[in-house]
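Protein chains: 2
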Amino acid sequence: MNSMKNRQIQLANRPEGKPQESDFELVEVHVPELQDGEILIQTLYLSVDPGMRNMMKDQKSYTSPFALHEVLTGRSVGKVVESKNKNFEIGDTVFERLGWQDYSVSNGKNTKKIDIDIAPASTYLGVLGVPGLVAYFGLTEIALPKRGETVVVSGASGAVGMNVGQLAKIMGCRVVGIAGSDEKNRYLTQELGFDVTINYKTTEDMKTALEEACPDGIDIYFDNVGGEITDAALQLINYQARVVISGQTSQYNEEKSDVGPRFLNQLVTKSAMIKGFVVYDYEAKNDEAIKQLARWLRSGELKYKENVVDGLENAPQAFMDLFESKSFGKQVVKVSE
Amino acid sequence: MNSMKNRQIQLANRPEGKPQESDFELVEVHVPELQDGEILIQTLYLSVDPGMRNMMKDQKSYTSPFALHEVLTGRSVGKVVESKNKNFEIGDTVFERLGWQDYSVSNGKNTKKIDIDIAPASTYLGVLGVPGLVAYFGLTEIALPKRGETVVVSGASGAVGMNVGQLAKIMGCRVVGIAGSDEKNRYLTQELGFDVTINYKTTEDMKTALEEACPDGIDIYFDNVGGEITDAALQLINYQARVVISGQTSQYNEEKSDVGPRFLNQLVTKSAMIKGFVVYDYEAKNDEAIKQLARWLRSGELKYKENVVDGLENAPQAFMDLFESKSFGKQVVKVSE
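Here the protein sequences line up with chains A and B, keeping their order. Start counting the first sequence at 2; every next residue gets the next number (the numbering used here). Start counting the second sequence at 2; every next residue gets the next number (the numbering used here).
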């Protein structure tokens, strides 16, 4: 087994601004021999996430930065193809933060078996994975929506945004989505039940567009993008509004802090809250959340959309596309069948 | 009684930038005759608060803006000198939002009797009034301090800031205060028990100063001022930090929104919260809070400092001084004995 070839994508350079192809390198190595207690996982799908851009910077965060000239890592689904660990059998389907590579060796400690009878393996990177959990926890732990409230979602056609809008609808809210094309917006209203959408690329005055879309103001703003869209939304928040920050994709490629209008006084006069979070904050509730999301999935109340990019070698492009608003739905890379 | 003269301070102009003397006008009117159910209150002390600057702007907030050429209003303590209301007797000491004038007529609905055996009347504008309550609710309802945490307070020598620091000490925290003079800072450490202070006027690099003052980072940032001090503090917040926004005095005189570095991404990576509030949000808990503050006052754990400006005619200057960091402690105007 240790003569098996293993392709991996390494970080060649720390990107400056938007990531480029030259920041990544496809390298061929050998699969190391398994030690006692280890398993060999063949990657089925790997997830590309905007948040990985932060980890490409040479700065500490809630996770360590990626090392240069080492394999990138990310949330993945794989199949156990060899096992020296009594908890795993060949054929088990598992979720773990693995390398961007064909095969990964794991000690099994952070490997989680997943049930592909409930939903296809790839959904554990999307609607039943972190993007689903981010939407679920952001709403149920932070925003606490009340029936009839107005919820605005930025990055609405992204992996998190689609779930936020649908879950807010399930919870009885009026949902306004902001996305980057009319095609995406049609999908959000016609397929996912969003009430109103705004195309931020063709809208000249976001504040006016939001005012029209939200005649009763904004009770909950679920922010995935930041920047000028957020500047506009914050001007329209209601008394005791909750602003949930799950990501700031518009900012990840900035090398220095961007500037924007100060708004903290607005939080005082509106008694409003802004809360950022990472999904790991609520890890203890993961199983319960996944069960609930799976129930809604089976009942048809919750739909999902994936954009599957074929081939490990295309993972860098799939990642870069996240910042060009080319992706639509959860972006995953299919590495093997 | 209706021939009694009554001096009042009116808003002559909406200030542009910092308020000036010409924005105010002293006018002499007559006290109207009392109707059934009304009381006549002689003003003892009136409170000048930075937050009133917001109400001088022609914009809606949680309160209506002040009208031009009408008497300004603010939190006041007074004595009932005439009563046609069975709930009040001549001689009662009361708290209400009254006019900046010698005498106010009230229907008694929002008039609250206060107990001046517990503490002097003026303290109901300070440590037992809104500034005390803002500190108390900001900590007990939002920040939820844990023993050993580091609390940073901006505007530390102001009416709210002094209470925040002392209450955080009572709650077992390490307290770092930021104020505008060495004299103020000496008072904060020597008299009020703050652990460390920073003089923002003589500090060239606020971030470095805060790093030195907070070797374990910032768990709670209680912000009264905003602007560059807040920019620096937000860079040093810890995982699950709580930022309480009680005011933004550095911004009140800005006609247009100032700009500053965007920081929402920092809230994501730190799972941090920012919450603005006004004291009325927690009105139902006022009595309980005042009792607790009075207990600490009697035990000597909580001290207060007032700057008493004598004479109604000096109220505009007392208000303007709030923005020149001339005031030290709670700024009140003594209108009569």
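These are computed hints drawn from the structure, not numbers from a lab. Hints may contain errors.
Said to hold, decoys possible - The list that follows gives simulated cross-link-like pairs (lysine-lysine, DSSO-like), each with its CA atoms no further than 27 angstroms apart:
hint	chain 1	residue 1	chain 2	residue 2
1	A	327	A	114
2	A	286	B	6
3	B	61	A	208
4	A	114	A	202
5	B	6	A	147
6	B	6	B	87
7	A	304	A	110
8	B	286	A	147
9	B	208	A	61
10	B	58	A	208
11	B	327	B	202
12	A	61	B	147
13	A	58	B	58
14	B	110	B	286
To be verified - Derived list of chain A stretches under chain B, where covered just means 3 residues or more per stretch with a C-beta under 8 angstroms from a C-beta of chain B:
hint	stretch
15	152-161
16	220-231
17	235-248
18	273-280
None of these values were measured; they are calculated from a predicted model. From the three backbone atoms N, C-alpha and C, an ideal C-beta is built for every residue, glycine too.
- Task: Sort out whether residue 202/B lies within 27 angstroms of residue 327/B, counting only the CA atoms.
- Result: Cα-Cα ~13 angstroms, so holds.
- Item | Agreement of residue 58/B and residue 208/A with the hint, judged by alpha carbon distance not exceeding 27 angstroms | 21 angstroms, holds
- Restraint status (C-alpha distance of residue 327/A to residue 114/A at most 27 angstroms): 32 angstroms, violated
- Task: Closer than 8 angstroms, Cβ to Cβ, for at least three residues: run that test on the stretch 152-161 of chain A against chain B and report holds or violated.
- Result: That given contact is violated, which follows from only 0 residues of the stretch 152-161 of chain A lying within Cβ reach (below 8 angstroms) of chain B.
- Within the stretch 235-248 of chain A, is the number of residues with a Cβ closer than 8 angstroms to a Cβ of chain B three or more? holds (count 5)
- Message: Next pair to validate is residue 6/B with residue 87/B; report whether the Cα-Cα distance is within 27 angstroms.
- Response: Given that 27 angstroms is the threshold and the Cα spacing comes to 26 angstroms, the pair holds.
- Query: For the pair supplied as a hint, residue 286/A and residue 6/B, is the alpha-carbon distance within the 27 angstroms limit?
  - Reply: 68 angstroms, violated
- Message: So if I understand the rule, the pair passes when the alpha-carbon distance is 27 angstroms or less; does residue 110/B with residue 286/B pass?
- Response: 19 angstroms, holds
- Task: Apply the coverage criterion to the stretch 273-280 of chain A and chain B: a residue qualifies when its Cβ sits closer than 8 angstroms to a Cβ of the chain, and three qualifying residues are needed.
- Result: Coverage by chain B holds here, the residue count being 7 at a Cβ distance below 8 angstroms.
- Task: Verify the proposed pairing of residue 114/A with residue 202/A, using a straight-line Cα cut of 27 angstroms.
- Result: Answer violated: residue 114/A to residue 202/A is near 41 angstroms, above 27 angstroms.
- Query: Do three or more residues of the stretch 220-231 of chain A come closer than 8 angstroms to chain B, measuring C-beta to C-beta?
  - Reply: holds (count 4)
- Regarding the pair residue 304/A and residue 110/A, is the alpha-carbon distance no greater than 27 angstroms? Roughly 32 angstroms between the alpha carbons, so the hint for residue 304/A and residue 110/A is violated.
Hints 1, 2, 4, 5, 7, 13 and 15 from the list above are not met by this structure, while the remaining hints are.
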